[in-house]
Amino acid sequence: MIDRRWTAKDELIDILLDLKHDLGKYLFLHLSHLTADSPVEATLEALRVALLETRVVGGKPQSAAEIWQRYRQEIDALNYSFNGRERLNRVIEDALAMHTFIQNDNASRPPHAREVQQIARRLSETISEIIEAENSEEYDG
Amino acid sequence: MDKIRLLLIDDGDTYARLIREKMPECELIVPLGSESGCIADGPAAISFLENYREPIDLVLLDMFFDIPEERLFPLDEGASLRRTRRFQGVAILREIHSRFPHLPVVLLTSLEDLSLVDAAKDLVSQSMTYVLDGQDLDALRVRIASATRRPETVPESSRVLWGDNAAMKAIHRRLTVLAKGGMPVILEGETGTGKSWLAEQFVHVNSGRSGPFVVLDLSTVPENLISAHLFGAVKGAYTGAVESRKGVFEMANQGTLFIDEIQNAPLEVQKQLLLVLQDKKVRPLGATREMMVDVKVVAASNRPLDEAVAAGTFRSDLYMRLSPATRVQIPPLRNRLEDLHYLSDRFARRAIQNSDIAQLVKEVAQGIGKPISDIRLVVGREPGTGTDNDRALHLVVPKPVWKMLEGHSWPGNIRELEMLIYNLVTFTLVDTIDTVHSGMDIRTSKLQVDAGLVGNLLQGARALQPDAEESGRHTLPGENAIPIILKSSSTLNDVANDVERQYFLALFRACRRDFAKMAHVLLGDSSKARAVRLRFNQLGLRVREILP
Numbered sequence: 001m002i003d004r005r006w007t008a009k010d011e012l013i014d015i016l017l018d019l020k021h022d023l024g025k026y027l028f029l030h031l032s033h034l035t036a037d038s039p040v041e042a043t044l045e046a047l048r049v050a051l052l053e054t055r056v057v058g059g060k061p062q063s064a065a066e067i068w069q070r071y072r073q074e075i076d077a078l079n080y081s082f083n084g085r086e087r088l089n090r091v092i093e094d095a096l097a098m099h100t101f102i103q104n105d106n107a108s109r110p111p112h113a114r115e116v117q118q119i120a121r122r123l124s125e126t127i128s129e130i131i132e133a134e135n136s137e138e139y140d141g
Numbered sequence: 142m143d144k145i146r147l148l149l150i151d152d153g154d155t156y157a158r159l160i161r162e163k164m165p166e167c168e169l170i171v172p173l174g175s176e177s178g179c180i181a182d183g184p185a186a187i188s189f190l191e192n193y194r195e196p197i198d199l200v201l202l203d204m205f206f207d208i209p210e211e212r213l214f215p216l217d218e219g220a221s222l223r224r225t226r227r228f229q230g231v232a233i234l235r236e237i238h239s240r241f242p243h244l245p246v247v248l249l250t251s252l253e254d255l256s257l258v259d260a261a262k263d264l265v266s267q268s269m270t271y272v273l274d275g276q277d278l279d280a281l282r283v284r285i286a287s288a289t290r291r292p293e294t295v296p297e298s299s300r301v302l303w304g305d306n307a308a309m310k311a312i313h314r315r316l317t318v319l320a321k322g323g324m325p326v327i328l329e330g331e332t333g334t335g336k337s338w339l340a341e342q343f344v345h346v347n348s349g350r351s352g353p354f355v356v357l358d359l360s361t362v363p364e365n366l367i368s369a370h371l372f373g374a375v376k377g378a379y380t381g382a383v384e385s386r387k388g389v390f391e392m393a394n395q396g397t398l399f400i401d402e403i404q405n406a407p408l409e410v411q412k413q414l415l416l417v418l419q420d421k422k423v424r425p426l427g428a429t430r431e432m433m434v435d436v437k438v439v440a441a442s443n444r445p446l447d448e449a450v451a452a453g454t455f456r457s458d459l460y461m462r463l464s465p466a467t468r469v470q471i472p473p474l475r476n477r478l479e480d481l482h483y484l485s486d487r488f489a490r491r492a493i494q495n496s497d498i499a500q501l502v503k504e505v506a507q508g509i510g511k512p513i514s515d516i517r518l519v520v521g522r523e524p525g526t527g528t529d530n531d532r533a534l535h536l537v538v539p540k541p542v543w544k545m546l547e548g549h550s551w552p553g554n555i556r557e558l559e560m561l562i563y564n565l566v567t568f569t570l571v572d573t574i575d576t577v578h579s580g581m582d583i584r585t586s587k588l589q590v591d592a593g594l595v596g597n598l599l600q601g602a603r604a605l606q607p608d609a610e611e612s613g614r615h616t617l618p619g620e621n622a623i624p625i626i627l628k629s630s631s632t633l634n635d636v637a638n639d640v641e642r643q644y645f646l647a648l649f650r651a652c653r654r655d656f657a658k659m660a661h662v663l664l665g666d667s668s669k670a671r672a673v674r675l676r677f678n679q680l681g682l683r684v685r686e687i688l689p
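Just so you know, the protein sequences line up as chains A and D, in that order.
Take the first sequence: its position 89, counting from 1, is numbered 89 in this note's numbering, and each next residue is one higher.
Plus 141 on top of the position in the second sequence (first one is 1) and you've got this note's numbering.
Don't read these hints as lab results, they were simulated from the structure.
The reader is advised that the hints may include incorrect statements.
[What the hints assert, rightly or not] One side of the interface only, derived from the structure: several residues of chain A facing chain D at Cβ under 7 Å: (1) Asp14; (2) Leu17; (3) His21; (4) Val56; (5) Gln73; (6) Asp76.
[Claimed, not checked] So these bits of chain A aren't anywhere near chain D, every CB distance computed over 10 Å: (7) Asp10; (8) Glu11; (9) Gly24; (10) Pro39; (11) Leu52; (12) Val91; (13) Ala97; (14) Glu115.
Every residue, glycine too, gets a C-beta built ideally from N, C-alpha and C.
Here chain D stands alone, though its shape is the one from the complex (with noise of 0.2 Å):
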């Protein structure tokens, strides 16, 4: 097997060292002149990348470099020379992103280095970029072994529908290292995009560990009940505790604890998380005694998590210990149409697993005297058409019925669509019947989908989950109207600041940027304008990324 060909960016040899000696699956890439084995600061960096035409696998990076302040890269405005050293992996990083975008980059770094949120979303946003959960050389092993792997296809032995979207494959090999050892993992994504079934069907089974999978969605429990379900409670601990209770921690043990909407959780509650994610132990309400818990933590957000933390509703120190090197963002469905066929063929064909569909599969077989084990979904082609030599009952969509689903929005994303697919197989089926028991000879397995049917549905969905072009707009009465878009969600919370989110934008438009204007409007005290800019802040609006 051919070795790993790497290029070291250290002021130091210490890693130099360790890979030569530890690590023989890989080679360092030396460069002339060097006597450690790595390049010293990024601008030699930049230019030795610049110059050399041979093949690199991967760079690995260090982050702390003590060298002279003219070899230095730049980092933020205002940062001193010290964090500017401290930090200047990601400086070049940064740089070596910016000129070569498609070359692997492994930083050297402790997570608990990152002491800063904007530092920490810079090196997760580059897809091939991870940082190190302590010093390790294993951990250093399996970084360098998925950063250089590049499976062409993703297997379709798992029960997840990866697909063919890159972002989609990029999750792939970054959850499969992730599902190993006991690091959290913090799965974002919009409502529907697939993250408890990515935790389930993937983390948990690709992660070795013996116990059960265990799921708690925080905006289902009641906000005082929390803690209880969280870590247990015992008898009379609580008003209404009249028996004592296991926490879901207590039950995951050994297992994978997926904690769905975790941004429901309460400040404090965040901080009891905290405490056992570092310490390992669960203390049920009202208990003497901790215990023990091993467990991995896999937790979801339909919004990113650190917005969440620029906001002030979620702690810092609960994301930076939840690790967000870890974090996986799950693009939503209209953001991976090139996987809108795959998905919609396997969920036609999960759907004959359905009692119903099957009962109806079997109806449609007898009318057409054909024995059926399967449904398909099969774009452009006219029924009647091929071959109809298998056991596949084919649902034909029509081209331009296939377009009405590419420029939908999708907003309730993959769970929306398997609803729709399932909706239409049956509508499909229960036509095909009522045709056969009408009299009519229907001898072929291709079925054409109805495009009345499609926008029926496409129109139910938009009816349920509207959106800014295609709902309408729901205003407020008066002079002052501001155009508000309902969307529906998960909770009401969301809603709400859904709502506040948009009133505070209009209104910061329509007075000009001013705060003091805004309070005045709001508060009736222009003297307020930094609790507004406060909570404007809170709501995760940015004046920096508003337009005029």
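Just chain A, same shape as in the assembly (with noise of 0.2 Å):
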């Protein structure tokens, strides 16, 4: 049986987890095979693929955005207090930021999925220290 008394800290690490895999599996993924020389099509390509149509959930597009903002909606409901809150919110903000210039701005400037990557790996980084902190916490108490 599944039981389903857990903590709100509980729940904070596992929306953590979930938005890892997702950078993992959607993001960096599909951004490995470019490189610095990679041709500016397949460059617009991928990060097309990987900001825009992140992941198909019942033959439905969702894209980068959708997901960081449903997590970060997810994270607020919780309604808990916790080390690296804003400093989460900030690099999720840059990656909307980033999503959003890729919408709208890649004709002027060919962007680069090396930013995209540094970008998401931060946000990575960011939720890793999180989750350690929490961890740790709790190894304390």
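Dock the two chains into a complex; use the hints.
Here is the structure:
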């Protein structure tokens, strides 16, 4: 039987783990074959798939922005205070800004997959640090 | 070349798309009615596997399944719905391994996902289960190639003695992959199983790295100097630092660093190690600037590191960073007796490279009037039989004598065997020379190994490393005596822990598994049961695993 008794902290860690999983599976993997000298067209196409058709659910594509926003809303709904929350919000904002850039502005300046990767990596690292801090607190307590 | 036939279990089509587009060497097995090219949940996958009659080279399994609750396999007792979805890959993996134990499975996830040691242990306990570190198509290619490769024999060109044992063959496959790239490798095994040899002669040699192989054995370094040894120190950084010294990370730059007995690292040093592994930068003690280092770390431990994590003596974050999926457990010699002859023969052949033995061989060769350039160890054939036309000196071990070797528990593992064979060769050669000098005419190059000699050598080994069956018991005096079996180890800390572990275990049984009673006996205060329980756990003892 699946037990639904779960604390807000457990829930937070699980949401963050889900977010990290999505970053890995839907973002890093799509961009991993790009290099600094990949053609602009190939880079654009990879970024488009990674950011705008990030995940297909029930035949309908979801963008990275939708996915990140959903996670952020879930975290907000927890009403749970934790260290690193502001930082997490900031990197999500950075990630969302990159998404907007890809969506609207790619004709004026060729995008770099590396920038997206760096932002995603920062997001991933922030998540790891929050999870580590939360787990350490549990250990000490 | 035939394509690799993959069955993909994934609730989305991401991997299917990538495999189709980017991996022409693979062919997806598409179940009837599947649009995405994969199977979307565990029950459907099991059903498919039970009915599919064509060959499957490999199963690729996603970790996270965002699917309805009724399609989920249960995970662990008490796991939330979210976590059950999150680790659904582990639940499916368990089902596949229980029903199709020989089917290779690659689990598609990042190591960082695995915050639970139990889950990580589950993954690495299966010989053909791998975890992707980071999401990268090349990493996936390597995993697939490794998981579908089936070498019948291990190449003899390397200096490592792999033998015929299935576990050693699996280790060869894993290390072949793990040696490449920058991922750390964990080698676990009892003392003498050959961890440092594997690190130097296989991992480093096959890593393709241009830098040196550097060793630091933490059991030999005073605790307060471990940081300086690892990371270096500038002159005056601590009392006694009369000159600047390089740390082993700096020395091993571009190469391989072998950290032996890593479980001995103090917790504070473990934290520093974690930072170095994460950032690839070291700052020598007292230095103002950090330096970048590119080092492949091979960490060795003579006890399972996950037990040390459970006992609170090893940081779980460092353990995860070292990556439990790269953990390689080297079997003790008593569990690979099928290799005993092969190893003995190899050690006998190596012995001739020793100058003292080479001199003895030369004297024997003169005595029997034949050139000798090799030593072989054979079992069960009487001397004087068969052909005698090569340049090898044959040491013939009679079968009853061989049984003595097979029956030995080999607490010192391969290192003990190597020393025994070295002594056996030496004494057999000396006996032969004495016999020749006594005037007896010996014209054969087949020398029978003396049963008494083997018995004496084994007895000597037992005296050094007694074990439960053979050593007798050393009891503490007094009415409440508890038998303690003394075992030597490489560090006093290990010896002390082992004695304490036995003491706690015996007391646990004597107190009928009641920690309050134990606290009363040990501390005169039964309310301190929690402290006793904590120490009990730190010693690596598990209540559920101890029979009454």
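> Among all the numbered hints in the text so far, which are the ones the structure does not match?
Replying inline: 5, 6, 7, 8, 9
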